[in-house]
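Novice: Listed below, chain by chain, are the residues.
2 protein chains.
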Amino acid sequence: MTFLLPLLIAAAVLALAYAAFNFFKVKNLEEGNETMQKIAAYIRGGANTFISIEYRILAIVVAIVAVIVFLALDWYVAVALLIGAIMSGCAGMVGMKIATYANVRVTNEANKTQNIGQTLKVAFRGGSVMGLCVGGFALLGLSVVVCVFGFGLGWISSLEPVKAWLTGIDLVRFPNVLTGYALGCSMVAMFNRVGGGIYTKAADMGADLVGKTEAHIPEDDPRNPATIADNVGDNVGDVAGLGSDLLESYVASIVAAIALGYNLIIKVGAPASSLESLYTFPLTFAAIGLVACVIGVASLLVRNLSKSKKVHNQLNGATYVGAALTMIAGAVLSAKLFGGLSAAECKALGFNFGALSPWIGAAVGIVAGILIGMLAEYYTSSDYKPTKILAEASKEGSALTITSGLALGMRSCMAPCVVLGIGIIIAYYTAGLYGVAMSAMGMLSFVALTVSVDTYGPISDNAGGIAEMSKLPEGVREITDTLDAVGNTTAAIGKGFAIGSGGLAALALMLSYMYSLPGESVGANGLPTLNIMEPMTLAGAIVGGALPFFFSGMLIDAVAVAARKMVEEVRRQFKERPAILEGKEDPDHNQCIKISTEGSISQMKTPALMAVVIPVVCGLLFGAHFVGGILIGSTIASIMIAIFTGNAGGAWDNGKKYIEQGGIPGSGKGSPVHDAAVVGDTVGDPLKDTVGPCMDIFIKIMSTVSLVAVSVFSTYNLWSVLFK
Amino acid sequence: MTFLLPLLIAAAVLALAYAAFNFFKVKNLEEGNETMQKIAAYIRGGANTFISIEYRILAIVVAIVAVIVFLALDWYVAVALLIGAIMSGCAGMVGMKIATYANVRVTNEANKTQNIGQTLKVAFRGGSVMGLCVGGFALLGLSVVVCVFGFGLGWISSLEPVKAWLTGIDLVRFPNVLTGYALGCSMVAMFNRVGGGIYTKAADMGADLVGKTEAHIPEDDPRNPATIADNVGDNVGDVAGLGSDLLESYVASIVAAIALGYNLIIKVGAPASSLESLYTFPLTFAAIGLVACVIGVASLLVRNLSKSKKVHNQLNGATYVGAALTMIAGAVLSAKLFGGLSAAECKALGFNFGALSPWIGAAVGIVAGILIGMLAEYYTSSDYKPTKILAEASKEGSALTITSGLALGMRSCMAPCVVLGIGIIIAYYTAGLYGVAMSAMGMLSFVALTVSVDTYGPISDNAGGIAEMSKLPEGVREITDTLDAVGNTTAAIGKGFAIGSGGLAALALMLSYMYSLPGESVGANGLPTLNIMEPMTLAGAIVGGALPFFFSGMLIDAVAVAARKMVEEVRRQFKERPAILEGKEDPDHNQCIKISTEGSISQMKTPALMAVVIPVVCGLLFGAHFVGGILIGSTIASIMIAIFTGNAGGAWDNGKKYIEQGGIPGSGKGSPVHDAAVVGDTVGDPLKDTVGPCMDIFIKIMSTVSLVAVSVFSTYNLWSVLFK
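Chains as they are written, first to last, in this note's numbering: chain A, 2 to 725; chain B, 2 to 725.
Hints in this document: simulated from the structure, not taken from any laboratory.
One should not assume that every hint holds.
Any copy will do: because identical chains look the same in the list, a pair fits if it lies in one copy or spans two.
To be verified - Result set (SDA-like, lysine to any residue): computed pairs, CA atoms no more than 25 Å apart in a straight line:
hint: 1; residue 1: K606; residue 2: V419
hint: 2; residue 1: K348; residue 2: L719
hint: 3; residue 1: K396; residue 2: E215
hint: 4; residue 1: K396; residue 2: R573
My request is simple: use the sequences and hints to build the entire structure.
Specialist: This is the structure:
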């Protein structure tokens, strides 16, 4: 324990310091010519406007929830919640800010140097700020929580009080505080994901539906008034949304692992001597992972890339450095922390391979994450058969394009789920339930690097847009396009990681949820029981299975409503001011930005609140087992929808690009085949970029809320009042 | 018990006799002019060819499975399986035959009398043959099974041997025989549903993709070579497929109720005195339901409908008569069978309302079924907001039509699942687990009427096609169109019933499955335990959740592959023989029929076998709890997919019709808005008519196979050999 807190704080500070260094390093680069500066300012302004409106609403919601939590539970949970919200909010804000500085500087670098390696470095440096902020703020907040509620209040200042808990004095406090912290992060993530997801696709679809389909002007054309809003959307959705989502997964997996560790001791009767290790391991593992990521990021940035062309290899190299360091240090850590356990103690914890078991569990998670990512690439990259076949289907028109894409997405659910299922079985066989939680942590241990790579994508995408709109030479666009294409692949892999880790984290949270039910008996194998044959649980599972579908439908509708408003506005501008299409007059970007902002803000409230409110309301009506059913049903359905939408959407997108690049002889841009593919791409947009990414935060926030509220509704609920 | 067997046999014979009467009554009507006769002969020939090829393959598969069952279990299960397959096969065959006789006679009646009431009568008489055969053959087979394996072998000849079972002698035989019977029905249903579903949509999509979209000729135009195949498809998919599917649900719900009754006595320790009642009630309830349906059918057919115009009301009237009689007689039956139970015995069975509890459980099922059907109508009928809004979305092109339809389908999952969930809770609260099984039975108790009404739809559809192809006067087509439109609504309601009852039957089978695990403990509340928190079960549930998606993807692809072949053939004929499009030459129907037949036969094998093989293979690898997880995961996912695809597809279809009928001013047939709607309809076709209807048979066959095989793989599986 003694070396824990300093390490946590040191890792967080190191990451944030390096993030600050990169922030200013990027900001101090040149912005390029006047047009570029003007466009970048538009994008930055739009993003800032959205985030400030959204954060204002978010602040109110978080405050209300904090008050409710304070009244229903206790003040310390409410405070932890606020800390979580602030940390997650900061990470999203800083990451988005730098993305809106970095985009134009990437364009300028490409224009100035004509060198892809140099340009990559600027884009990745920008992305690394988001990545390092995710890791840094998450651990900084955890340090505060541990300090204030741990040492500060003396609850965990030494093993003495822990032993006191075991005799029944203060069992719930510290895990509750951690869950409160996770809930704070979840709420910000929920709003950023949902709001950003609606924003970005409303703008994108709106721009495409009129621009490409009706006016036949290319993407990112400066004459299209919705183009700037589209670029704002990338920053709002793909940067801030993704960052706070993965921050939340990261925190949730740490919290779930700690909570499970406690439950193993308290409910299952694992040896109390292992408590400190069970509790220390996830936190320390996260800290060394973050340090490893700093080294990984630096390994790319300090090198001279000016002669390099293989962008993907560079990014992979950085990730491999971070992942390898994390795993090596993790093995040492696992051996050190659990080395003292006797064979009997290991057995009581479910460790089949002794001291290294938790580490093996984490490794299983990493392998599973990589496999799921590779499967996503297989199904969505035009290098492989499925997307090529999909592109062929466009020959028969848009209906068969859609049909085949739906079939592709549906089929693609199988393999990742088999990987997940086998991963769970192996992790459990290796290190018991703790192993399942550790496999989620494994996937997320080098999250700072994953997010850095993921954020580099939208920055490059924006850079390309700015190049197009500023009418820079073709060569610039070529460089940014290459960077962007790699970004699409990394995004597909990132999505695999996000849903895999999100699903595992949700399951680990559910386990803690079940352990937290007062009066719940634990089976002979130490497992909590959620009997799906019980009608209440079964009914919950069926309703829970429908929830993600309902939620997805609402999200798609939200995008469609906002997109249609955008379509009307763009049509209006083209009609009332024909000079715009002739390129003689500037379109009114601000009106489009306003529509996207207002549309997403007004449309996001219902779905975002739904995820928070439903488990609580259902719990108060039907009790804890019904909610348990809801959680399992919606977790399963969410995983399917996330994979289905992600892969179908990705394949449509890349199928279209494949046709544009001449994959189908005689059918380039503008051909009927391409038109059919564009319909597929447009349908896929809200699926892959709004619905899919929202799924994992949806299940995690439901699980977290349930975990926070379970002590209330397991005791007070209508059903038990009426019928028992 | 004494009055049971005669009643069962009497009901079955009565239904089959009335079916035969109606069969010949329809067949003896006139066929109309030569063109009509020729077209009808084409359709009949195509349907017969398909069914004979399919049944040949089916016979081989059933024989193989029977041998495996014989070797792994016992001969009596294998024999019961064969009986089930024969019964289900007969029902599908007879129903399809009469449909191919009735279609042209409906056209002729409309042409001759110009009277919608008279025409309705012919169509309904034709449909009633299928309905009565479903009820009749199902109960006939059950009578044989009860005779041969009950009285004949003396296992259940009196209560003495039953008491002997309770001391552990012959616990598994009779329920096993019933499950074998259900499996036989399932396998036929699986092949008919999958094969028919692929056939009908391959032909339909193929016809539409070239006919409507490229050649701009109307539906059912005689110049389109795929038209006949399309009409064959209605008979193959919507008549034979639907009939054997609902026969299977019907049998599964009866079997599940009986098996649960046994388990309540044997495993839970309910009073042995109630065994006879628990066992008699489902069988007798089914028998009186069938008699009530005969009366209901007759109530429509004996009346003079020549002045009636409100087709929907006539059909509803018949259904109400049947349902009301079933419910009244059911209440008497419930009171009589369970009236003798003491309060303590009721409590031990979970009956909260005494002797009427099982009946209330059935009533809950009926109400839930009707509500789910109404919700399906709400989401898919152009009388209501969702479909109207969807039609509006077509203004913005095909991409937004698809997007909005997907959103509609996804949103529509919520309400039916809430109904199902609440239904399960109420049924359980009323009559325990037996109540859950009874709620499935309730939905299906008047299945003969549901199927009669459902079959009347495709007959009318075919009749319209024949009218169009024979170039009969406009008035004829108007009558058949009116009948067809009502058929679409009844089909939507029927789909709600199918998935609701299928889901409940699958759950009841799962309960029996869990009870059948050797050495499984039953909780204090008498429930079997399937702990979803157990990693093996959890992994199974995740894999199980992916299975229906995978299966759906395969089905869509199967349709797309066959449809593309059809497109090529139709294009070829139009190109090589331009006289066809000028109407001067007859197209080659046979070639299209051949493509549909070969395509569906070759494409159906993998998905159909998958459902049978996967539970067994998974069980042999990972054991019974993994399979339990698979069942629950795939049941939940299947319910969602069935509702999602059914409602999205129905709404696209009706949205298109709404536009054709002038629902959107200025945008009729041939407008860009209509074109967008046609894309939606085409995408929806395989979703609503292939994927959706296959979902319930998919989960039921998996549950049935698992139930049959559980005694094998719960003892012998790789995981337990390796790690225990």
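Novice: Honestly, which of those hints from before does the structure not fit?
Specialist: Structure breaks no hint.
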